[in-house]
Amino acid sequence: MSLINQRLRGPWTLFKKEILRFWRVSFQTVAAPVMTALLYLLIFSHVLGTKVEVYPGVPYTVFLIPGLIMMSVLQNAFANSSSSLIQSKVMGNIIFVLLTPLTYIEFFLAFLLASIVRGLVVGTVIYLTAICFIDLPITHPMFIFAFAFFGSGMLGTFGIIAGLWAEKFDQMAAFQNFVIMPLSFLSGVFYSIHSLPPVWQKVSHFNPFFYMIDGFRYGFFGQGDISPWFSLSVVIGFFVALSILTIGMLKAGYKLRG
Amino acid sequence: MLPAIKLTQVHKHFGALHALKGVDLSIEQGEFFALLGPNGAGKSTLINLMAGLLRPTSGSLSVMGFDVVNQYQQARHALGVVPQELVFDPFFNVREMLRFQAGYFGRGAENDAWIDEVIECLGLSDKAHTNMRRLSGGMKRRALIAQALAHKPPVIVLDEPTAGVDVELRHTLWEFIKRLNKEGHTIILTTHYLEEAEELCSRVALLKQGEVIALDTTKNLLASIPGKNLRLRLSGQLPASLSGMVRHQEKPEYMLALNEIGQVEFVLSELRNAGVAIEDMQLIEPDLEDVFVDLVTRK
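The listed protein sequences derive, respectively, from chains A and B. Each residue of the first sequence is one higher than the last, beginning at 1286 in the numbering used here. Each residue of the second sequence is one higher than the last, beginning at 6 in the numbering used here.
A portion of the hints provided could be inaccurate.
In silico BS3-like links for lysine-lysine, alpha-carbon gap of 30 Å or less [claimed, not checked]:
#, chain 1, residue 1, chain 2, residue 2
1, B, Lys145, A, Lys1301
2, A, Lys1453, A, Lys1336
3, B, Lys145, A, Lys1540
4, B, Lys11, A, Lys1536
Distance ranges between label pairs, derived from CB positions [what the hints assert, rightly or not]:
#, chain 1, residue 1, chain 2, residue 2, range
5, A, Gly1507, B, Gln78, 42 to 52 Å
6, A, Phe1515, B, Leu7, 35 to 45 Å
7, B, Ala118, A, Phe1491, 53 to 63 Å
8, A, Leu1324, B, Thr62, 32 to 42 Å
9, A, Asn1290, B, Ala118, 15 to 25 Å
10, B, Arg175, A, Arg1309, 48 to 58 Å
11, A, Ser1518, B, His16, 44 to 54 Å
12, B, Thr62, A, Gln1291, 31 to 41 Å
13, B, Ala118, A, Lys1536, 35 to 45 Å
Derived from the structure by calculation, the hints contain no laboratory data. We put the beta carbon where it would ideally sit given N, CA and C, even for glycine.
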């Protein structure tokens, strides 16, 4: 802490508080999503494990793991910023942050980085648990990290937008169930889009989650549905665009300052 | 010396509602100032504008000389606000919350002694490690006040700090706030307990429908009401000839406004003529409540 100078202490405190907020309830915020991912893995590998081979030499169970990890990373990054914001808005305690000299950029960075940390923690725990049972290759670790980082960043930003927009818990639940869930389930977590009819393959290309899953999976197997560089550009592009939108909303005080 | 708070022609619209209609107000450093007014007068809007939670439609506000819009960081450093609603963060205990709050203002371990002092002075010592969720209403109120003081701001705004608070806490709270005021902190208070404002505050602004309708020292405001109040407890009805003097009534008690002390004689003779007996009688000085009722109903 002594290394952190006074100028950075404000945003650092907010970041630390956001980390502690989910860590205090880690049974719900880390253990629960890990459990869900492992249940998916158990059920799908039981049903399809030996019958389907998506990539040559890659059994379905092994194919499934990176997708499940990434899906959990994304969903938890979203959940972190969105639930923190909606909760403090509904409870009213957001005022404690609004009364401080923190700038909108500092506010943005603290929430964003805490979301990334939550996403990466959940992903790492799923990975470590999965490799106890299944042999999972790593071909390009830098791609794995880059997609996890920018993917969770994008969803953390998306979570801030949703948290600013929503005024009630049911609006947030609707956002989660009707936007985040379909986009993540239809992104190729459970299948390669090459197995889809051509029309749905095209539709999948409009889903930003598809690029995050495919690129992340490329890092493990060295093969994917499209070029990882193209996917990474799409993900970073979305991340930057959403960040600009979020910063604009915060600067305007959207639904925070009247 | 720069004023602690300065408002120049501040207007605030909420859609069609004109909540503040060109408020001019200057509060000096070191003052103990009361912002009074009926519900919906614009007191909370004014405080939220000072705190940067709302933005003025037009006009300017400054805290310790810093504009709350263009120099919001310096302005917020100078200001500590105790919000009216009993809000809290359910994830942390009292001490953690205070450290976080000070941390947002760039204060670190060097500030811990001050936090300990605030905890001690507000009677929160044995609750310092209790989660905010588990605190009683009164304790939550104390914690809320402590949070506003965590960064030791020179200007402290208390929005209805004693609403629903027991006598003991009010006493503890005011002792501490008076001490802070003596040490040089500017205190701005809104309250519905006018006797608190009368006892504590040296100057008062009275807001009504978004306008300042009175701004003076407490002493001058009290002096603006001539005469005295006569409190009577009667065995029967007040004679009709005296009904024009009634300030307020709760039968069988009546509070009559006297323009001058000689009117006592008139009241007594009217009661005697009507055959109404006096069970109790008291002559009292008008208080801030009388000024308040007088101004709010008159204008």
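Now for the hints, and whether the structure bears them out:
1. For the hint pairing lysine 145 (chain B) with lysine 1301 (chain A), the CA-to-CA distance comes to about 23 Å; that is within 30 Å, so the pair holds.
2. Taken as a hint, the lysine 1453 (chain A) and lysine 1336 (chain A) pair is broken in the structure, with Cα atoms around 45 Å apart against an allowance of 30 Å.
3. Annotation: proposed proximity of lysine 145 (chain B) to lysine 1540 (chain A) holds, straight-line Cα distance about 26 Å (limit 30 Å).
4. Pair hint lysine 11 (chain B) plus lysine 1536 (chain A) holds up; C-alpha atoms about 25 Å apart against a cutoff of 30 Å.
5. At about 50 Å, the CB distance of glycine 1507 (chain A) to glutamine 78 (chain B) agrees with the hint of 42 to 52 Å.
6. In this structure the supplied range 35 to 45 Å is violated for phenylalanine 1515 (chain A) paired with leucine 7 (chain B), their Cβ-Cβ distance being about 59 Å.
7. Checked against the hint of 53 to 63 Å, the C-beta distance between alanine 118 (chain B) and phenylalanine 1491 (chain A) comes to roughly 58 Å, which is consistent with it.
8. Take leucine 1324 (chain A) and threonine 62 (chain B): their Cβ atoms lie about 55 Å apart, and the range 32 to 42 Å is violated.
9. Roughly 21 Å separates the CB atoms of asparagine 1290 (chain A) and alanine 118 (chain B), a value that falls within the hinted 15 to 25 Å.
10. One distance hint, 48 to 58 Å for the beta-carbon pair arginine 175 (chain B) and arginine 1309 (chain A), is violated here, with the actual separation near 34 Å.
11. Separation of serine 1518 (chain A) from histidine 16 (chain B) is about 49 Å and conforms to the stated range, judged on CB atoms against 44 to 54 Å.
12. For the hinted restraint 31 to 41 Å between threonine 62 (chain B) and glutamine 1291 (chain A), the CB-CB distance of approximately 35 Å keeps it satisfied.
13. Distance hint check: the CB atoms of alanine 118 (chain B) and lysine 1536 (chain A) are about 36 Å apart, consistent with the given range 35 to 45 Å.
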